[in-house]
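Participant: What follows is each chain in one-letter form.
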Amino acid sequence: MNPAPASAALALGDDALLLSHRLGEWAGHAPVLEEELALANIALDLLGQARVLLSLVGDEDELAYLREERAFRNLQLVEQPRGDFAHTIARQLYFSSYQRLLYEELAQGDTAIAELASKAVKEVDYHRDHAEHWTLRLGDGTAESHQRMQQALDALWRYTGEAFEPIEGLTVNWATLRARWTDRITTVLRQATLTVPSGPQSGSWAAGGGRQGVQTEPFGRMLAEMQHLHRSHPGATW
Amino acid sequence: MTTMAPDAGTQDDVAYEAQFNAAVTAEERIEPRDWMPDAYRASLVRQIAQHAHSEIIGMQPEANWITRAPSLRRKAILMAKVQDEAGHGLYLYSAAETLGTSRDELLDRLHSGRQKYSSIFNYPTLTWADVGAIGWLVDGAAITNQVPLCRCSYGPYARAMVRICKEESFHQRQGYELLLALSQGTEAQHAMAQDAVNRWWWPSLMMFGPPDDESAHSAQSMAWRIKRHSNDELRQRFVDICVPQADSLGLTLPDPDLTWDEERGHYAFGPIDWDEFREVLRGNGPCNEQRINQRRTAHEEGAWVREAATAYATKQAERSRHGYRAPHDPQQGDTQEEDIA
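Those protein sequence lines, which keep their order, are chains G and L.
If you read the first sequence in the numbering used here, its first letter stands for residue 1, the second for the next number, and so on.
If you read the second sequence in the numbering used here, its first letter stands for residue 1, the second for the next number, and so on.
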């Protein structure tokens, strides 16, 4: 097996790490007990993926807890505040649809990332299923849920384009990936009586710098909370 | 037990009660469709509901540390633990439903203050070490209380408890292991662990409830085998287990009167501050208001989500009645990927 390209492991690992963190914020706040279980489950899967991926690059805790804001390589999508349940579901729909297609392709490779991707793709399949079910329920549920879901989809749309920018070290047909993602999202949203957002998906004035280490404002605050205790006790083991 | 409940009170309740009592005494399990006295049903609902509420309120003090867990390994363990508690809540609300009381109704009783949860969760988690202290002491006390309930007379409750106790014992070990790492770590970490144990020790002893001579429901519950040991017996058992464990941890327990009583073969311990217990029970603990407010807020803010799920299910049922099947119906399995690919 070939060594995994560090830049790619870092980008994918950071995506999983930070989305897991945001999902972890739901603990004790979910709308129904079943969702306490489901969201925690997805958060745990992602954290597991993050730990494998970061360990391909270095020490998982050093990477998670001791890097500064500009050294992270995640998509801006995953760091956005959790918002209401519709925002969380819209994000999960966008992200897990992307991750599912990407991992399926990466699983064909011969690096350590391929090994992780082939295991994780089964988990991600469930994540996407969960997000699609809820998209249908919220979109085709009540007038209020429809409106909230549409609002969330629109608000997060601008963070989706970045996902299809090539990641250094990965051989992926990004244009095909984007087309498949768009098809899938379009089908689900139509089914849910929702509208595919029409705004820009990225742009220097909008979003799209996460992979280069340019994050959004909520990121620093999130990192402060995540890293505070670890950084307060330099060299300690936990 | 297999005696079916009578359809409409035409049967002789006295005969049923005798049969019920005989089954309980013979350590047989009572199942949901068996005849049971109304008071037995009501007691069980109260006890199971309080336990279920404790599980879901108990998520809060620990979830408080998920986003600040100091290593990814600890973060994964803590998330899994809080998730387990939600799962325990689910089993227990389901067990209560077998007695004819819905989850919605029980949640309503919790939110309106008509039903209680364990007072221990009205104490705050101030530092990371509190996560360890909760695992070691609070889950330890819970196991001491709950293991006997695996033999409780009501079948669904007893079976739920078997599974819950297995998971709780894992939680207790993780708490102990977390505290051990701190105790053997830096000076600051050790101090953090000791401080947490100092704050959680006495409230943990209160988890067993008031002394036997003041316990309101004990005698009948013991006769019905929905409680198997007295509060004081269980409290003593817990103290006896903890003292040597504290030693191994390299931590002390905050009780100058804690000594081995050769004659009784147990550890003697100092007086418990029952005034504090009653105050917290009355709603005046450090976090009573915060805990119930968070619960209510989560429930109220989630109302539109639950309404959407219900509305969608109704629409789907309507559609299937009219022979319409959605082109992408998640219930029918996921074939869309192939369609797109």
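Treat each hint with caution, since some may be false.
Claimed, not checked - Between beta-carbon pairs, the in silico distance windows are:
no.	chain 1	residue 1	chain 2	residue 2	range
1	G	P234	L	G250	21 to 27 Å
2	G	A224	L	S102	38 to 44 Å
3	L	R41	G	T186	51 to 57 Å
4	L	E31	G	E144	39 to 45 Å
5	G	K119	L	E27	34 to 40 Å
6	G	E34	L	P244	37 to 43 Å
7	L	E31	G	R221	49 to 55 Å
8	L	D275	G	S232	53 to 59 Å
Rather than coming from a laboratory, the hints here were simulated on the basis of the structure.
Cβ coordinates follow ideal geometry from the N, Cα and C atoms, glycine included.
Participant: Run every hint past the structure and note whether it holds.
Facilitator: Structure-based check of each hint:
no.: 1; hint: G:P234 <-> L:G250: 21 to 27 Å; result: 23 Å, holds
no.: 2; hint: G:A224 <-> L:S102: 38 to 44 Å; result: 43 Å, holds
no.: 3; hint: L:R41 <-> G:T186: 51 to 57 Å; result: 53 Å, holds
no.: 4; hint: L:E31 <-> G:E144: 39 to 45 Å; result: 42 Å, holds
no.: 5; hint: G:K119 <-> L:E27: 34 to 40 Å; result: 46 Å, violated
no.: 6; hint: G:E34 <-> L:P244: 37 to 43 Å; result: 41 Å, holds
no.: 7; hint: L:E31 <-> G:R221: 49 to 55 Å; result: 53 Å, holds
no.: 8; hint: L:D275 <-> G:S232: 53 to 59 Å; result: 36 Å, violated
Checked against the numbered hints given earlier, the structure breaks hints 5, 8 and satisfies all the rest.
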